[in-house]
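Student: So the protein lines, in turn, are chains P and F. Throughout the first sequence, residue numbering follows our numbering, covering 1 to 183 in sequence. Throughout the second sequence, residue numbering follows our numbering, covering 1 to 123 in sequence.
Incorrect hints may have been included.
A few chain F residues that face chain P, going by a derived Cβ cut-off under 7 angstroms, partial list only [as the list claims (entries may be wrong)]:
1) Asp32
2) Gly33
3) Ala54
4) Thr55
Don't read these hints as lab results, they were simulated from the structure. Each residue gets a CB set at the ideal place from its N, CA and C atoms; glycine is no exception.
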Amino acid sequence: MAQERTSWQIKDEAILTELVTMMEISSAECALLGQLKGQAEVLAPEMTKAFYGRLFQHTNTAEYLEGISMDRLNSMLATWFIELFNGVYDEDYARRRINIGRIHVRIGLPLRYPLAMMDVIMVFGEQVAHQSDQPDVAMTAFRKALALDVAIFNQAYEDNQMKHLADLVGGERLARLLLSGAG
Amino acid sequence: MASRQEQITSVLERFASNTGNDVAGVAAVGMDGIVLVSRMSADVNADRVGAVAATMMGVTRRVSSEIRIGMPQETIIKSDNGLFMVLPAGDQSLLAVNLRNGANLGLVRIEAREAAEEIGRVI
């Protein structure tokens, strides 16, 4: 039987706190990323164009964009990207980001798509970081911020799946045992 | 005073004795899928059976709730080579019974219900 893990006991807001703590983004790194917000704003339109260009090229992702205002999507994505260089990565930040993940869950978008699109985010994020007067440090800091976002995004999906499975089988502990192969 | 484990073991052994060859294995399982006591045969992975039995109970409760027919009293799977029965043993546990093909289901159901009630009282 799979061993019960302490991480299973961490719930809701405490998960966000744990992730923020785990990334160990120092105050110097926060400040450095915050200084790059202007550069992120400049690159955001080009990034959104590349981002949605990729999604429209792929039939399975393009169908999620049918009938939706691209102005609105471009604006939301640009805001999301610029906020990567917010300079503050606390629970409020994580809460805003997980809400975006939950929207993706609600529209039924498979997780592989937003994760794959991190490829585009990385390219443009690294371009922003490269403009820092300490590019290596900024790059490291950017990767931490992006990793935090990936983890939060995953969490939105896992929360949803776990809730449904736990409801179905009668409890979260049983659901976790089943997922870990005990069943 | 016998421990909880010993009391459950005693209930399962009495159940197995009363049902004879009809029962191939029996286990008391927590609703979270953790096996409390198992008397399953060696060729069966009791931990896995515990997890799927608890899943069966959870899904059965969900179905019963959705169609508003109250709390389930038992769930029985009849397969080509045997039967598998799960019934609640109090609020926190269940009794999982593996029956051989051709088993006297009426007798086993009566004995299983009594055993489940006893386990429910112990837990």
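Student: With reference to the structure, classify each hint as holding or not holding.
Tutor: Here is what the structure says about each hint:
1. Interface hint status for F:Asp32: upheld, as the beta-carbon distance to the closest one in chain P is roughly 4 angstroms, under 7 angstroms.
2. Because the beta carbon of F:Gly33 sits about 4 angstroms from the nearest beta carbon in chain P, less than 7 angstroms, this interface hint is met.
3. For F:Ala54, the interface hint holds, since its Cβ comes within 7 angstroms of a Cβ in chain P; the closest pair sits about 5 angstroms apart.
4. The criterion of a C-beta within 7 angstroms of any C-beta in chain P is met by F:Thr55, whose closest approach is roughly 5 angstroms, and the hint holds.
Checked against the numbered hints given earlier, this structure breaks none of them.
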